[in-house]
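Student: First to last, the sequence lines map onto chains A and B.
Each residue of the first sequence is one higher than the last, beginning at 1 in our numbering.
Each residue of the second sequence is one higher than the last, beginning at 1 in our numbering.
For the record, the hints were derived by calculation from the structure and aren't laboratory data.
A couple of the hints might just be wrong.
As the list claims (entries may be wrong) - Per the computed footprint, the stretches of chain B lying under chain A, defined by three or more beta-carbons under 8 Å from a beta-carbon of chain A, are: (1) 9-22; (2) 30-36; (3) 53-60; (4) 183-189; (5) 194-201.
To be verified - Quick list of in silico lysine-lysine cross-link-like pairs, DSS-like style, CA-CA up to 30 Å: (6) A/95 to A/253; (7) A/199 to B/254; (8) A/256 to A/95; (9) A/253 to A/130; (10) A/130 to A/2; (11) A/95 to A/199; (12) B/6 to A/49; (13) B/6 to B/254; (14) A/130 to B/52; (15) A/55 to A/256; (16) A/111 to B/254; (17) B/52 to A/55; (18) B/6 to A/199; (19) A/111 to A/3.
Note that the Cβ used here is the ideal one computed from N, Cα and C, for glycine as well.
Residue-level listing of the chains:
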Amino acid sequence: MKKYWEIARVNTLQYLVYRLNFILWRFRNIINLIFIFFLWTNIYSTSSKVFNYDKAQVISYVLVVTLASSIVLSSRTSDIATEILSGYFINYLLKPVSFFKYILTRELVDKLINIVFTVIEISLLVMIFKPLLFIQNNISVYPVFIFSLIIGCLIGFFISLSLSFIAFWSSEVWAPRFIFFMLVQMLAGSWFPLDVLPKTIYNFMLLTPFPYLIFFPTKIYIHGLSVDLIKPIIISIIWCLILFAVTRLVWLKGIKNYGAFGR
Amino acid sequence: MKRYLKIFWLLSSYSIKTSFQHRLGVVSFLLGKIIRFTVYFFFIYFLVSRTKLLAGYNLNQTIIFFLVYNIIDSLTQMFFREVYRFRPLVVSGELDHILLKPYHPFLRILVGGIDPLDIIMLVPYLIILVFFILQAGMAILPVNFFIFLILMSNALILATFFHILVLAIGIFTTEVDHTILIYRDFARMASLPTDIYSEPLRFFITFVIPVGLMMTIPAKALFGLLTINILIISAAITVFFGWFSLSLWNNALKKYQSWGG
Numbered sequence: 001m002k003k004y005w006e007i008a009r010v011n012t013l014q015y016l017v018y019r020l021n022f023i024l025w026r027f028r029n030i031i032n033l034i035f036i037f038f039l040w041t042n043i044y045s046t047s048s049k050v051f052n053y054d055k056a057q058v059i060s061y062v063l064v065v066t067l068a069s070s071i072v073l074s075s076r077t078s079d080i081a082t083e084i085l086s087g088y089f090i091n092y093l094l095k096p097v098s099f100f101k102y103i104l105t106r107e108l109v110d111k112l113i114n115i116v117f118t119v120i121e122i123s124l125l126v127m128i129f130k131p132l133l134f135i136q137n138n139i140s141v142y143p144v145f146i147f148s149l150i151i152g153c154l155i156g157f158f159i160s161l162s163l164s165f166i167a168f169w170s171s172e173v174w175a176p177r178f179i180f181f182m183l184v185q186m187l188a189g190s191w192f193p194l195d196v197l198p199k200t201i202y203n204f205m206l207l208t209p210f211p212y213l214i215f216f217p218t219k220i221y222i223h224g225l226s227v228d229l230i231k232p233i234i235i236s237i238i239w240c241l242i243l244f245a246v247t248r249l250v251w252l253k254g255i256k257n258y259g260a261f262g263r
Numbered sequence: 001m002k003r004y005l006k007i008f009w010l011l012s013s014y015s016i017k018t019s020f021q022h023r024l025g026v027v028s029f030l031l032g033k034i035i036r037f038t039v040y041f042f043f044i045y046f047l048v049s050r051t052k053l054l055a056g057y058n059l060n061q062t063i064i065f066f067l068v069y070n071i072i073d074s075l076t077q078m079f080f081r082e083v084y085r086f087r088p089l090v091v092s093g094e095l096d097h098i099l100l101k102p103y104h105p106f107l108r109i110l111v112g113g114i115d116p117l118d119i120i121m122l123v124p125y126l127i128i129l130v131f132f133i134l135q136a137g138m139a140i141l142p143v144n145f146f147i148f149l150i151l152m153s154n155a156l157i158l159a160t161f162f163h164i165l166v167l168a169i170g171i172f173t174t175e176v177d178h179t180i181l182i183y184r185d186f187a188r189m190a191s192l193p194t195d196i197y198s199e200p201l202r203f204f205i206t207f208v209i210p211v212g213l214m215m216t217i218p219a220k221a222l223f224g225l226l227t228i229n230i231l232i233i234s235a236a237i238t239v240f241f242g243w244f245s246l247s248l249w250n251n252a253l254k255k256y257q258s259w260g261g
């Protein structure tokens, strides 16, 4: 356990080595948040309710999605592809640490740092612009919200890891990841609540793993608990299991194929 | 000048050939770009068709703003893709070899890596722009169209200075990736009319980081909404921005120590 604490400590310090890089990365998040915040604020300048969401709900949606994205989508798994291609990956296999425990430690550190800074950024935005917010008063919603966030994290982790494992066979690793990010933007509800879409499209989207990354946890926070949630929760758990199996399979096949070239 | 054009042509043809070496990458990135555009387009269409207006602009006008942004953004990325690959040159010291060559380094580090995918994407953007202009039933006066073209050129000049600024910052700090993406994030803020922002943010992104001048103002020219003052201010800001970025670049070169080599 001690060595994983040490890995966590070293990984945290790594963020502080390139401080300018770190500051600029956080600054980008603020710019994006401001953009989407003002867009929605303007949409509600003429009507009090659009797509069955009032202004407070939509602004809260934007803020919770930002927080959920920072938890679910923040990941260091993309580095693994570079490490496989460069040959650096062999170090994980030779060192007396478990590769999966190592990357899980790295993931946790990354998510923790993201959560801390996103909370600070959102708080700053709220203090400056003082938007009307929707606060979920039903305490029983929070455990379900956290559970769905964990499922979202696992789904995101497995997809991202599988994409990195493509490097075992091909150097074309960035293009599939680029498509993945585009799909996340479209199907994960990053810009708008997916349930404002026509019913057929929305129901179809719920069959894919993407809404369970950030839209679904955010929806639980905004709309609270209902029986309608049971089916999507089951689908998200099934996706989680499928993606775990796929990632495991890709790993087992890939590691046999790995030649540690580049070293 | 003729020699420079010849070198530019050579570098561009090499860049296009290199890009098409990775066929799967070409298809995937193109697909990604199409998805991104479609999603964003659909999002705006969906949103503004419900609310009818965005900051006083109707659906067709909002989409024209968005398309003009896409055209300028694509042209910029098409020409200046090489800036995204600048950091390794600085940290490895490879930049020395470029600075020693008997032509201006911008030819290599600024415009030396044309991106063919953005050339491809320009075609649908232009077609959709013309479609929406026709659908909007806009009678564009020749003078407004002429001002539009001037402002589009001004936007490209401003974008050039932005990228020179990024190169200069890259030499000072070895940080390029986030700086260029910050520029793009700011530019994206102007993909919709900057009127959606409240002051002083609107002033900031129009005149201080002049992405509003680059992306929003040309579309306003098409609608005939500009005054002569804005044109004069645009020109003045471009001149100032050019002076600032070139001074910074010259300063950066003086500080450059080829530490990586």
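Student: So, for every hint listed, does it hold in this structure?
Tutor: Consistency of the hints with the structure:
no.	hint	in the structure
1	9-22	violated (count 1)
2	30-36	holds (count 4)
3	53-60	holds (count 3)
4	183-189	holds (count 4)
5	194-201	holds (count 4)
6	A/95 to A/253	holds (21 Å)
7	A/199 to B/254	violated (61 Å)
8	A/256 to A/95	holds (18 Å)
9	A/253 to A/130	violated (52 Å)
10	A/130 to A/2	violated (44 Å)
11	A/95 to A/199	violated (52 Å)
12	B/6 to A/49	violated (59 Å)
13	B/6 to B/254	holds (29 Å)
14	A/130 to B/52	holds (26 Å)
15	A/55 to A/256	violated (53 Å)
16	A/111 to B/254	violated (40 Å)
17	B/52 to A/55	holds (17 Å)
18	B/6 to A/199	violated (56 Å)
19	A/111 to A/3	holds (19 Å)
Taken one by one, the earlier hints fail for this structure at numbers 1, 7, 9, 10, 11, 12, 15, 16 and 18, listed in ascending order.
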